[in-house]
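Undergrad: Here is what each chain is made of, one letter per residue.
There are 2 protein chains.
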Amino acid sequence: MSSPTSAAPVGRPRSGARRLPSATAREEILDAAAELFASRGYAATSTRLIAERVGIRQASLYYHFDNKEQILAELLEATVRPSLTFADSLAGLAPAAALHTLIRYDVGVLLGAPWNIGILYALPETASEPFAQFRHEREALRAVYRSLTAAAGGSEITGELVFGLVESVIGMRRDLATLPPADTLQDAVASAALRLLG
Amino acid sequence: MSSPTSAAPVGRPRSGARRLPSATAREEILDAAAELFASRGYAATSTRLIAERVGIRQASLYYHFDNKEQILAELLEATVRPSLTFADSLAGLAPAAALHTLIRYDVGVLLGAPWNIGILYALPETASEPFAQFRHEREALRAVYRSLTAAAGGSEITGELVFGLVESVIGMRRDLATLPPADTLQDAVASAALRLLG
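Those sequence lines, one after another, are chains A and B. Per the UniProt record's numbering, the first sequence starts with residue 1, numbered consecutively. Per the UniProt record's numbering, the second sequence starts with residue 1, numbered consecutively.
Please keep in mind that the hints were generated in silico from the structure rather than gathered at the bench. Treat each hint with caution, since some may be false.
Sample of chain B residues facing chain A (criterion: CB under 10 Å; computed from the structure) [said to hold, decoys possible]:
no., residue
1, 120
2, 121
3, 157
So these bits of chain B aren't anywhere near chain A, every CB distance computed over 12 Å [claimed, not checked]:
no., residue
4, 82
5, 88
6, 104
7, 105
8, 180
Some residues of chain B that are not near chain A, with every Cβ distance over 10 Å (derived) [stated by the list, open to error]:
no., residue
9, 69
10, 132
11, 140
Source: prediction; values computed, not measured. Where a beta carbon is used, it is the ideal one built from N, C-alpha and C, also for glycine.
The following block holds chain A by itself, in its conformation from the complex (with noise of 0.2 Å):
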């Protein structure tokens, strides 16, 4: 796996960076396309070229998937879904508090991942039917940083950029040649967004 805190390059997996040994068929299968997505592109991947890089068959393939979309579906919604879980546990703590510890955790959820998934938020193809849980979860997500921005006395518009601030690291691991370390960018971003509430 690479480093959470890498710029994981485009286009330039590193050699046995993919392959975990305890891998089950249908996490290498959502690995190799996660790299060959976030690389290549989405369009240009067909499931042919997934199952060649994982060496199963295409027939394998759709054994755990139906399509391509599926599996985009699900590296999408496993960008979004930890950080609306762990939005759950904050309920005790003050707003400012539980948006400082949200952001830390998100911002870890969005450097963590082996393959930055989320510059393919923005393919057009998100729109469609089989993204609806996706973008359902995300919006979820758009809400609770909404909430925890309004609980702490900031306005709508900051809830937003709030939002942006956060989903900006993804942007960063893009065009970066070197990140901070995850630790350091997950509390610059995480004080970044109360000194925006003021």
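We have chain A; now place chain B onto it with these hints.
TA: Coordinates of chain B only, in the frame set by chain A:
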């Protein structure tokens, strides 16, 4: 031309919104391509389809552009070049004032384009040679944000976060059913950036 403050829903162009009476063939090609790239996706859009939308032959399109890459490159450059040029005019201002002024302008550029082309920054294709000039100009703009942030007392990471905050309006324009008026959003992002500086 669609209103700069509307969310320009992907895949739902307003009838008659695209054609400008005074547009040159070149501008019509760029405009039709921007719509198709933003709504159907880049990979799914052929030069034949672009020519069809404009109502010209594919051969006529090739009189203006060598290939699809060149069209996308020009569209992408138009999202950063005006702000980069504008930044040159700010030399006399104090860093925080320059940053505020640049952000208002830059957010205006990103919101004002008829189609939300910034969503295409994440295409893997933009890493290739035809987009070298775009990448160079976007990095130059990022460097302006970094150096103004540093001059105003912000950290290196804060410079990145300011850049991310500005570009987050691309995501808002993509995701939100209605956006605040452009003026409101321009001020909100510029003030938020100054709060980030602490």
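Undergrad: Is residue 69/B truly not at the interface, in the sense that its beta carbon sits beyond 10 Å from all beta carbons of chain A?
TA: Per Cβ check, residue 69/B is outside 10 Å of chain A; nearest 14 Å; holds.
Undergrad: Mind verifying the non-interface call on residue 132/B? Its CB should be farther than 10 Å from each CB in chain A.
TA: holds (15 Å)
Undergrad: Is the Cβ of residue 105/B more than 12 Å away from each Cβ in chain A?
TA: holds (18 Å)
Undergrad: Taking the least C-beta to C-beta distance, is residue 157/B closer than 10 Å to chain A?
TA: Where the cut-off is 10 Å and the nearest Cβ of chain A is about 4 Å from residue 157/B, the hint holds.
Undergrad: Residue 140/B: least C-beta distance to chain A exceeds 10 Å?
TA: holds (13 Å)
Undergrad: Restraint: residue 120/B near chain A, CB-CB cut 10 Å. Satisfied or not?
TA: holds (7 Å)
Undergrad: Taking the closest pair, is the beta carbon of residue 88/B still more than 12 Å from chain A?
TA: holds (23 Å)
Undergrad: Is the nearest Cβ of chain A still more than 12 Å from the Cβ of residue 104/B?
TA: holds (14 Å)
Undergrad: Over 12 Å from every CB of chain A: does residue 82/B meet that, or does the non-interface label fail?
TA: Holds: least Cβ distance 20 Å, greater than 12 Å.
Undergrad: Under the criterion of a CB-CB separation shorter than 10 Å, is residue 121/B in contact with chain A as hinted?
TA: holds (8 Å)
Undergrad: So is residue 180/B really clear of chain A, every C-beta pair being over 12 Å apart?
TA: Check fails; 6 Å does not lie beyond 12 Å.
Comparing the model with each numbered hint stated earlier shows that hint 8 is the single one that does not hold.
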